[in-house]
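J.: Residue numbers (my numbering), protein chains in the order written: chain H, 1 to 540; chain B, 541 to 857.
Incorrect hints may appear among the rest.
Below, computed lysine-lysine pairings styled on DSSO-like, alpha-carbon distance capped at 27 Å [as the list claims (entries may be wrong)]: (1) LYS852/B <-> LYS791/B; (2) LYS735/B <-> LYS447/H; (3) LYS639/B <-> LYS791/B; (4) LYS712/B <-> LYS735/B; (5) LYS284/H <-> LYS852/B; (6) LYS194/H <-> LYS607/B; (7) LYS184/H <-> LYS520/H; (8) LYS520/H <-> LYS447/H; (9) LYS447/H <-> LYS676/B; (10) LYS633/B <-> LYS447/H; (11) LYS592/B <-> LYS633/B; (12) LYS592/B <-> LYS639/B; (13) LYS491/H <-> LYS22/H; (14) LYS639/B <-> LYS607/B; (15) LYS766/B <-> LYS712/B; (16) LYS735/B <-> LYS633/B; (17) LYS712/B <-> LYS447/H; (18) LYS194/H <-> LYS520/H.
No lab work stands behind these hints: they were computed from the structure.
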Amino acid sequence: MSVNKESFLPEPNFLTSPKGLKSWLLTLDHKRIGLMYLFAIMFFFMIGGIFAVLIRLELLQIGETIMSADTYNRMFTLHGAIMIFLFIIPAIPAAMGNIMLPIMLGAKDVAFPRLNLASWYIYIGGSLFAIYSMAHGAVDTGWTFYTPYSTSTNGAVISMTLGVFIIGFSSILTGLNFIVTIHKLRLPGMTWFKMPLFIWGLYATAIIQVLATPVLAITLILLILERTLGIGIFDPAMGGDPVLFQHFFWFYSHPAVYIMILPGMGIISEMVAVFSHKRIFGYKAIAFSSLGIAFLSFLVWGHHMFTSGQSEYAAMIFSFLTFMVGIPSGIKTFNWLATLFRGSITFEAPMLYVFAFLFLFTIGGLTGIFLGALPVDIHLHDTYFVVAHFHYVMMGGTVMAFLGGIHYWWPKIWGRMYSEAWARVAWVLIFVGFNMTFFTQFLLGTKGMPRRYFDYLPQFEGMHGFSSVGSLVLGAGFIVMAFYLIHAIFKGRLAGDNPWGALTLEWQTSSPPPPENFLKDPVFTHGPYDYDTVDVQRTV
Amino acid sequence: MDSTATLWMPPAQSTIAGEVDALFYFIFYVAMGFFFLVVLAALYFLIRYRRKGNEVGLTDGHDHNFKLELIWTIIPTILVFIVFIWGFRTYLKMNVAPKGAIEIKVTGQKWFWSFDYPNGAVTLSELVVPAGRPVKLLLSSRDVIHSFYVPDFRIKMDALPNRYTMLWFEAKNVGTYNLYCAEYCGTGHSTMLGKVTVLSVSDYEKWLANAGAEKDAEVPLPELGKKVYTGKACMTCHTIDGTPSVGPTFKNVFGHTVELSDGTTITIDENYIRESVLKPQAKVVKGFAPVMPTFQGLLSNREIDGIIAYIKTLSEQ
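Kindly produce the complete structure, drawing on both the sequences and the hints.
T.: Here it is as structure tokens:
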């Protein structure tokens, strides 16, 4: 690449103006806040990932391999708690959503910029409690904190739950901010059904964040009070009920599954249309299915508790509603497929992740049918089948969408492009490694291998070993990705305003965008997917 | 390999297992159908409609097709409805125990199972049942939540500290089957293993008549202690090779002096071992958590004598 004037990023851009650490720490710019979120969650993604690899190394062989049973129990607890509360819940809304939502709406910022910054500090504050907990004995309760184990075990349970409690507020504030922003700050002309589908995904997510997270907060506070003051609400000796905790916990944590997946589905909708260069199929079906999922997600929590002794009638109703919540996800999948039909498809990194998503999330969704069927769930509950299922949904679904989004918007955020060749290498490693690691676990589960086991019987050793090797391949993929993405920030070739030839508004401003997103006020001239009427080409 | 095992499922050794597997495989084949439909359609479209050249023009603007959308909504809905109805019917059978089932009380505790039989007999870690007779288990826990799981029978139920839960099954064949704890319960969760031993009806009745009044008297004490060590869950937390586990090892401890958690010291003798079996929290060795449950009522006097004798044989005098 020749060094000339054009190898510099456009000015002014939000990365460099204003300059200085203080201008970042006190920034009200949604893009900077989103980037700070991105750095924080990527840090915790790395920590959670290291714990995951350590777990798999311990399970490589029978017996104690690299750590004791107690250390192992802390390891899988921290892996789960970090990945759920510190990574995947904030990953797409608070990081990608924060950066992109106002630009995609044609707005200068979110509705409440100060609240936005506050949410980041609340997140950091909460995460400090989590780190404190890790340094002071950590927790061995599993990320679900089930009573009475969590009220009777040693370790730093209070600081961990307090951390999660605090982080919940950052999630509520982000959701609230997005709801108001979407209602009030859309570009004139952008009606509800002219919004990009990523925005619909974030909107449905925000509703759940605002309505469900307070229940988690109450639950965790009760747990903390139980441990400190012995109020007895979950303690059978005082007339309390430990299973009540499970109801409270899943009343939040099942909708939270959709906090994780809905924005990911939104990203997939964007990328499918852009890389097929085609009008999205079934726009309203995709938008309404997000809202339908958000509503139904509040009514299925009992399917985590089919073996907890809940009444058969409750189990029947929860089983039925669980199947109903699966239908909208199926509809979305068919809509994405239909979008590919007669498209003009290219295969850059984001599209590779679309394919990975379709492949893995379909497996994740379909294996959910097994778990919704009562007698089959009785056998599979709390086995590796469940572990494999939620990794196919959360990692095969949400994380693949997140990685696709990272590759899709990376040139917009930094103004520079990563190496497509290395991106393919990383994709292959991640796709192969993921399936090696987790497909094996479906078989382990159906054969009766319970989860959260430090050790196992000889008949499971081959499959556990294979799964562990897969996790190393998967980890290698992420290391490669970290290198080429960071390299791109400093040394990548200039991306241009619209490298993918996309129609949504973020591609009509410079890369990286200026501080208030658009130098000239944008005008709404076409919908987000009008590839049948608007001739848009890539800028090279 | 057991001939009732399939590629995906372990041996089907209870009367309900076959029904569970039938539903499992129905879902499996439907799911495989959908998976290949989605992935092959995606691959076909990706290849067929790949962009040729760099320029791109306007593309097809069709964005809905009511008939198609109705089909891909209704067909999956019908299929999951079938799965739901089928599942619920089987589930009801799994939950309604036949009249006249043998009732056994099951208690979970860190980290073993104990079983109380109708005639007062008690076993630890090993459930003995007859083949071809329905058995009803009444479950509860003495500490945290555990879960009673026998994969070969396709049964699982949580054992709660504040409420009884119920489970029933009918084993088809004589044999020994693995029993797991499926609800995470701490350090010994993965070693909280047990066995379900299925005997013929006549063998079961013989066994039950003698159980409790076991012919212990004929077995020498150290040998009895060794049986207790493996059969009554000591081995879950205590090793005999010198490595500390959840509890102290049994090797080379008898006659030795150890420091207790309150800072005092004690020499391990017959009375200390007896007290530690019956009142485990009374004197805990330093460095270990006070998590052992009492074995009061679970071990006979002679069995405790046996454990003491066995520990003696593991120590250099």
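J.: What are the numbers of the hints the structure violates, in ascending order?
T.: 3, 5, 8, 11, 12, 14, 15
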